[in-house]
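Heads up: the sequence lines are chains A and B, in that order. For the first sequence, our numbering assigns the number -2 to the initial residue and increments by one for each residue that follows. For the second sequence, our numbering assigns the number 2 to the initial residue and increments by one for each residue that follows.
It is worth saying that the hints were derived from the structure and are not from the lab. Among these hints, one or two may not hold up.
Derived pair list, reagent style DSS-like, types lysine-lysine, alpha-carbon separation capped at 27 Å [to be verified]:
hint	chain 1	residue 1	chain 2	residue 2
1	A	Lys300	B	Lys80
2	A	Lys117	B	Lys111
3	B	Lys80	B	Lys111
4	A	Lys300	A	Lys189
5	B	Lys80	B	Lys28
6	A	Lys300	A	Lys32
Simulated restraints, written as ranges between beta carbons of each label pair [stated by the list, open to error]:
hint	chain 1	residue 1	chain 2	residue 2	range
7	A	Gly299	B	Ser16	47 to 57 Å
8	A	Thr238	B	Ala100	52 to 62 Å
9	B	Arg130	A	Gly294	34 to 44 Å
10	A	Thr184	B	Val108	42 to 52 Å
11	A	Arg(-1)	B	Val35	51 to 61 Å
12	B	Arg11	A	Arg69	24 to 34 Å
The C-beta atom is built at its ideal place from N, Cα and C for all residues, glycine as well.
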Amino acid sequence: MRGVSIIGVGQTPVGEHWERSLRHLAYEAVAAAMKDAGIEGAHAMYVGNMLSGEISGQSHLGALIADFCGLRGIEAVKVEAACGSGAAAVRMGYLAVASGAHDLVICVGVEKMTDDVGSKLTAALAQAADADYEVAHGVTFVGLNALLMRRYMHEYRVRHEDFAGFAINAHANAVGNPNAMFRKAITLEDFKGADMIADPINLLDSSPMADGAAAVVLCPTEQAHAFRGKPVRIAGSALATDCLSIHDRHDPLWLQAAEDSARRAYAQADITPADVDLFELHDAFTIMSALSLEACGFAERGKGWQLAVDGEIRPSGRIPICTMGGLKARGHPVGATGVYQIVEAVLQLRGEAGACQIHNARVAMTQNIGGSGATIITHILEVQE
Amino acid sequence: MGIPGSWRLRNQRLSLVGEVCHTCGNKIFPPRDVCPHCAREAQHAFQFSGRGEVYSFTTVFNPPAGFEEYAPYTVALVKLEEGPIVTAQLTDVEPERVAIGQPVEMVTRKLRDDGHAEVISYGYKFRPRITTD
Ligand SMILES: [Zn+2]
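Just chain A, same shape as in the assembly (with noise of 0.2 Å):
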């Protein structure tokens, strides 16, 4: 297998973009990722999608998108894993390129949420859990992960509040990206306050639905030195997945497939957690950061709220997280989410994250998650020297 690096970047602001639709969306993401990586064709797209069908009534974005974007002709496919689909493309570009089937390509994640509201968004967000038993008994997505951190708290004895750190971190981290949906910091007042939405999920628990759309442009790594960009390895990569409902897991407090993605990642990469300078971890809900940091390895089983208590999730802390805003802030556009996440982590190692900046940034991973834990995509991204 062939390295990987990542030669160019592009991204929308996320938001609520009536103004412009889902394929505009991903041309302008790609745009700029091509403009940035200095590229005027490309060999390969995939396409990470999670609601088009359901929202815009647009299947077949493989197609759709790479001709809208002036690439016609090309091996074109959307990729589809719930709220993971974005990294999910990014591992098979990733792949593609690994194995030396394309020189050149683009990954572009896109999603278009706020042209519809109500029952029927949360109907279609519910499609990434189990239809005949879990979505069937009227449980919603979020519901899904209220369930987990009710009992989450109750087994670890943990107050609502002491998730209070995660929210605030992203939104303090967001108030410098100028691409984030929410650039106002929040406070420990602000959280305890914030309305129900399913008990004990808050609204300041959970990340807000955007549209948005990111891209990256891969090629091998021995070619990365030949484009304008400051190159970015992707020195691991790996996608495990687990039981599409909570009620199957052995464990439902665990998020196996992060544990097993994360495992691979680090092994591939021949790091340890502790050589992590960044993690842009997938915080839909402040239940699943804590979930997340434990399961791969910064924190112990049941303490991952304790890392958010003594501000170690910070810009300055040991494991700094949601350097961007994260989900919560930046916003969370589904399928769109995880090429976000690795725009993001590029941007810090290449010295370019602006406020955002973490200082000296060298190694960055990026978590994204499909459902309430069905499919998990670890990368581990460095500078390419």
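On the provided structure of chain A, position chain B with the ligand as indicated by the hints.
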């Protein structure tokens, strides 16, 4: 869900029929043909008692399409006596009276009205346990 889907799921939905793995002995619900514990084939029907306890719960205020008329309602993970956990609604109980560890038992109730397919689907919910053995 349409008529064929409801019909296919009738045994598990209405009677909580799952499977038992003859290789490792684990009871399985919902039925899935391959044992999730030992990955061997497991297609032997097993009738669950319907008794269990609340493992976790939440109240849904913003329901998905098809459930609007029932909101707010309480959804739980119920740990069955025989081992598996199932996702189901709680019924005949005020949300503030629910607690982790509470004994519950299965009842059959209307799950939703599917206006589109004009199908009313019935299935299991759980209520605080009132029967004794
Ligand atoms: Zn077995």
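Check: Taking the beta carbons of A/Thr184 and B/Val108, is their distance inside 42 to 52 Å?
Finding: 45 Å Cβ-Cβ, so the 42 to 52 Å window holds.
Notebook entry, point to check: Per the hint of 47 to 57 Å, is the separation of the Cβ atoms of A/Gly299 and B/Ser16 within bounds?
Noted result: The hint (47 to 57 Å, Cβ to Cβ) is violated, given that A/Gly299 and B/Ser16 are roughly 37 Å apart.
Margin query: A/Lys300 and A/Lys32 were given as a pair; does the straight-line alpha-carbon distance stay at or below 27 Å?
Written below: 43 Å, violated
Next item on the list: With a cut-off of 27 Å on the C-alpha distance, tell me whether B/Lys80 and B/Lys111 pass.
Entry: Holds. B/Lys80 to B/Lys111 sits at ~21 Å (cutoff 27 Å).
Note to self: Tell me if the beta carbons of A/Arg(-1) and B/Val35 are separated by a distance inside 51 to 61 Å.
What the structure shows: Given a distance of about 36 Å, which is not inside 51 to 61 Å, the answer is violated.
Next item on the list: Take the C-beta atom of B/Arg11 and the C-beta atom of A/Arg69, compute their distance, and say whether it sits inside 24 to 34 Å.
Entry: 49 Å, violated
Next item on the list: Compare the distance between the alpha carbons of B/Lys80 and B/Lys28 with 27 Å, and conclude whether the hinted pair is satisfied.
Entry: Holds. B/Lys80 to B/Lys28 sits at ~12 Å (cutoff 27 Å).
Notebook entry, point to check: Is the Cα-Cα distance between A/Lys117 and B/Lys111 27 Å or less?
Noted result: 21 Å, holds
Note to self: A/Lys300 and A/Lys189 were given as a pair; does the straight-line alpha-carbon distance stay at or below 27 Å?
What the structure shows: Answer holds: A/Lys300 to A/Lys189 is near 21 Å, not above 27 Å.
Checklist line | Range agreement (Cβ of A/Gly294 with Cβ of B/Arg130, hint 34 to 44 Å) | finding: 41 Å, holds
Note to self: Does B/Lys80 sit within 27 Å of A/Lys300, going by the straight-line distance between their CA atoms?
What the structure shows: 24 Å, holds
Next item on the list: Using the Cβ atoms, figure out if A/Thr238 sits within 52 to 62 Å of B/Ala100.
Entry: 33 Å, violated
When each numbered hint is compared with the structure, violations occur for hints 6, 7, 8, 11, 12.
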